[in-house]
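K.L.:
The primary structure of each chain is shown beneath.
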Amino acid sequence: MPRRDDLKKILLIGSGPIVIGQACEFDYSGTQACKALREEGYQVILVNSNPATIMTDPDMADRTYIEPLVWEIVAKVIEKERPDAILPTLGGQTGLNLAMDLDRHGVLQKYGVEMIGARADVIAKAEERDQFKRAMEKIGLEVCRGQTVRNIDQARAALDSIGLPCVVRPSFTLGGSGSAVAYNRGEFDTLVRRGLDQSPVTEVLIEESVLGWKEYEMEVMRDMDDNVVIICSIENFDPMGVHTGDSITVAPAQTLTDKEYQRMRDASLAVIREIGVETGGSNIQFAIEPRTGRMVVIEMNPRVSRSSALASKATGFPIAKIAAKLAVGYRLHELRNDITRKTMACFEPTIDYVVTKIPRFAFEKFPEADATLTTQMKSVGETMAIGRTFKESFQKALRGLEVGSFGLGCDQKDRWGTREQPDRDEIRSGLAVPNAERPWYLRYAIKSGMSLEEIYELTAIDPWFLDQLFQIVELEERLRTVPGLEQAGAELLREAKRAGFSDRQLATIWHTSEMDVRRRRKGLGIVATFKAVDTCAAEFEAYTPYFYSTYEEEDETPSRPPGTQRIMILGGGPNRIGQGIEFDYCCCHASFALRELGIESIMVNSNPETVSTDYDTSDLLFFEPLTIEDVLNICDRVQPDGVIVQFGGQTPLNLARALASADVPIIGTSVDTIEAAEDREKFQQLLLRLDLKQPANGIARNMEQARSEAGKVGYPALVRPSFVLGGRAMEICYDQTQLERFVAEAFVVAQGQPVLIDRFLEDATEVDVDAISDGQNVVIGGVMEHIEEAGVHSGDSACAIPPYSLPGPVVQEIREATTALALKLKVVGLMNIQFAVKREDGKPNVYVLEVNPRASRTVPFVAKATGMPLAKLAAKVMAGKTLPELGVLREPIPAHVSVKESVFPFRKFVGVDIVLGPEMRSTGEVMGVSERFSIAFAKGQLAAGVVLPEPGQGKIFVSVTARHKHQIGGLARRLVDMGYQLMATPGTARQLAAEGIPVERVKKLAEGHPNLLDHLQNGEVALVMNTPSGKGARTDEGRIRALSVQHGVPCITTIQAAEAAVKAMEAIRLEGMNVEAIQDRFPAPAVDLASRP
Amino acid sequence: MQMQAKLALEDGTVFTGLGIGAEGEVDGEVVFNTSMTGYQEILTDPSYRGQIVTMTYTQIGNYGVNDEDLESSRPHLAGFVVREVSRLHSNFRADGGLQNYLARHGIIGLAGIDTRALVRRTRIHGALRGILSTVDLNDDSLVAKAQASPGLVGRDLVREVLPEGPHEWSDGVSEWTELPGNRTTSERSPRLRVVALDFGMKWNIARHLRHQGCDVTVLPGTASSDEVLARQPHGVFLSNGPGDPEPVTYGIQTIRQLLGKVPIFGICLGHQLFGLACGARTFKLKFGHRGANQPVLNLDTGRVEITAQNHGFAVAEESLPAELEITHRNLNDDTIAGLRHRHAPAFSVQYHPEASAGPHDSHYLFRQFRQLMDGGDRE
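Protein sequences, first through last, are from chains A and B. What the first sequence shows, in the numbering used here, is residues 1 to 1093, in sequence order. What the second sequence shows, in the numbering used here, is residues 1 to 379, in sequence order.
Derived DSS-like pairs: lysine-lysine, alpha-carbon spacing no greater than 30 Å straight-line:
{"id": "1", "chain 1": "B", "residue 1": "286", "chain 2": "A", "residue 2": "342"}
{"id": "2", "chain 1": "A", "residue 1": "1063", "chain 2": "A", "residue 2": "1003"}
{"id": "3", "chain 1": "A", "residue 1": "1003", "chain 2": "A", "residue 2": "965"}
{"id": "4", "chain 1": "A", "residue 1": "342", "chain 2": "B", "residue 2": "284"}
{"id": "5", "chain 1": "A", "residue 1": "843", "chain 2": "A", "residue 2": "682"}
{"id": "6", "chain 1": "A", "residue 1": "76", "chain 2": "A", "residue 2": "8"}
Just so you know, the hints here were simulated from the structure itself, not pulled from any lab data.
Throw the hints in and build the complete structure from the sequences for me.
P.N.:
Right, here's the structure in full:
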């Protein structure tokens, strides 16, 4: 059947902010879907709350709504746009759940919107455990024995038949949120209670444990004619018990015979048919008992998923794109394989390499959290590496992870042979309890002489994988028998490179430098070759291929088309807190811009979730770790005319100096300038010359200096190491004791780097500015006024464009300072400056806090708020265009207000205090847009999952620190005037009562029951406003905040946010929320020149 | 100490790697298979006679070898080339490692070379003659030997893999063939007699015929039509087999005489022989189809099957006589993948519905053969 002509307008729902369990992969899938559907002539209406996505670029969809992803809001979009169909399977679990909500509330029926791809009953059959289980039994497939329960009594009864250990899984949660293994009855009760709480339908599944079984995934596609193909099989290195998102995974499956593989394939086909996913991609998970081969189906996602993004990147087959086309009627064999051009999409990709994905964690940001890996996903990002062998791909992935490792040991992070060498007990527990460091514990185990059998007993990791690690360590030991680099023969060096050893590891082994190893091996003719990812193992010619490095004989890098320029963009690597989709957005835009200029764009990145690693984003894609060695290897082959390092966040910046030293042509702002902005003394001189203020500050290289410098700048002082990301180990110290503790920590985080001590400006307003400069002209992209006070990490605070409270002259002063700094620093490209405005002696003073001559996290937000495609313009400037040539002359001042709000992963880390501080902890962001600040803020809150209650929906608990006592009265009165009932702990209650405001006094935790925690648990509280006095999860207030997060009660922790929330609640009462497409807000793109042809 | 081995091609290219398996020297046509699983089935598939098979997937031997996943009693291919062979195997059914298996059966293997470069060379230049050696490591001498080697075209390789004499087949399909939910509890009745003409038959074909309720008599492919008909079969099956179909004149002759007298089903070489018997011609593909991911369009149903394939020759479409109708096409290159006789009860497919190694999408063809013998409608 050809494309459906009865459909004209199709609604796509994105997945919202980046959270644990839902990252860039759904921007990748949504972007592919938008492109695929529009290519077919459909009008695409898109709703997504996340401004940092490529899919919400104005030219990706016909109508783009950056609005909260709740059914009431999407219903308004439907009412306005009247789409014919909704495609629910490309926006992750959020998109799927939202489509189900729209169906449940009759919205789809009311407006005659058809669900394409998968119907509601199909989704329910796949997602609802009992239905799924019945379906599997019907087709003769085994599932884990289990029972769905709705209360603790039912759960206990179920336990009698299932036994311990067992898995407790709440229904309908993101990324398996809340799932965990119970080993005893105490744990069991706790997990069930929490699970019931977290499940939106108050339901948990108690399930037979398949801990230690082999785990597999199959990516399946089906079309309307019931043609079904497998795109990729994935085998997990970590056996069952660790969430697949937190597992090291490998493609293709390694230890299945064809007989077993085909059985799994048959089962996959049977599952997708029985569940009835009509068209598109699904992901099916299996567990296999290693001793008998008994196979059970674990679950099925009736939609594209994180794994399908991985499968697409692993094979070159664009699952989301094809899924979108299948949904509108095409059959698989009517669609062309873009990579081979000759063959059709109806085939099963075959690969001639090994792909390894390793998750990246952020436990350092949540020290109170349990760092054990379980069935609940905790990782924040992932890296993928491709090698011809598992050994090569595994070691490449370890260095792509960017955690200071350059392979399996033999690097600065290696504890073996040092004073920190782990003892046998530590190794055993590092193996037995799954954790983020387990790959290295496996190495220590091998080094310590543990046998393969012993390691298998402790880990249940398949012996085949373990033997591969043994081979790596054995080769390392052979390398160590060679006294030095010069004595190492070509054959041995080549063997090491083929097994994935990095130059850095070899340098560590032979006590020499990475560059010396590089020189020596190149002298011996041992150079990286690049092979194509082509879906077909070279059976057909590939046209739009992407590449990975390996050490083989033949290189496939295409030669440079005559007369063209080549520019390389270095991406950001795995997502982490502080560096994620925003930078990928910038890299993609750089690539789009270069292609518009007719320049060949070359992308280098290792993150499989992203749009930047899509095969058609750039002219050439190198799927490689972002290390000096790997980047230089690519440069050797492609000889770029320029390399862009300022778009990928800290990752490429950290490489900039070494690349420049190796004569790699870095374009845009010079490396010297980048370093000058980071250099305190140079920066201080610069500010002096420009007559700009900065908070009093000092620099310390040891504890003694720290004490004296802090004494000079005065308390409170902000202490931070130089050269770190996302405010790592940055703290506000109110006295010397605190200072000493934090400084000690900072020296650990940034070894050899000095520690910076700044006077902390209390109660100051923070302002972020993104600007673009060509070296001669500077244009400001946006001035963002933060909602939270200075001191909260800029990545964690909410902010608004245009500024909502700052006086005009102050904003003007900020603009002038920005321009002066950009020109003085000779910025070419993007720059971000953080200012603080502090009212002193009755007048506002502007302080410069930080200058970053590179793309910032806020670039996409600014672009969406103003319509100016900052990143694209910057890339063109770096390629030699001037701003006047690009028609960019003035700062765009939008007529509406856009508010960015941050989204936090606290729900995943039980017991963690949620107070905001200088250490960044948010994973994602949303945007609210309206004519008025208050409504825009309200939308931002709603989009971030903070549902501001209506009067009567529950009480508001208020508790503020002494500092805010004088401000709370006014807010409380406004709440009461709106009809809210207030609760407060004794101190705040007294204060409010004194002001004549009615308030219910509740007991402090120490005063017995019922106290606030009881009220929270009983669901009486709908909103918590709690400003912290002293940080700590173990304090009363810490427990209150943590518990409100666990119960899904919104918790506001700053007085500024409370103020904004009250304003928002007042505004919503008066006018409600309307929705508007960004195409209507910017009828003609603000800068037309930058839009793509 | 691991031994060195070399693969030299007729175009002068020489690949140097490590010898795995037996020592010695062998010539053959160098081909590649893109299946990521099923090396044991590939090793024991008699159709690879005379060929040096390169696996495009890089990690081979991971799950060892076992006694069940055999397609004949021993490996038939001339040589085996992989990127990396596993030193440890891990699978609950394994009873040995790949390297030992190769050595035990005298198969010369080569590991450690840039197999993708070899595959690309084959794709661009077509299947080349080559020589694999662990004894002669002189490049010039090896290339000269490769150039002097006979190649496949015009050679009757079937005679090298024929069964010694007639025998009855007794095994059914393994438990891996179907999901428990689809498994038929009893074999179909009434029992029918099928004569399988064995040109180098994969065992799984005979197992599938059993599974359809057939008593299978295996006759060497050299059997005459009289010998076949003497068994009073309800149907005759034409097996797969190695090499060029044209020299297999005895088979073509037999098929011609059987046509119209008894239902016929052919697979792979059997399909080509059926085509030749009906008056079509065959031609050599540039580098053949070998893998487990080949899409085939069933023209009757409009649906696609993912199939296992292993052939270097194909039936030429322009030579097709009017009596033959195309039922299936290979979607990658549009070549004929299935034929049906318009008047006689006979059909054939170029691919392997018995899979092993490969997907099970085309099992229905065995049911179709059964229905043809039952005199029922075509499926």
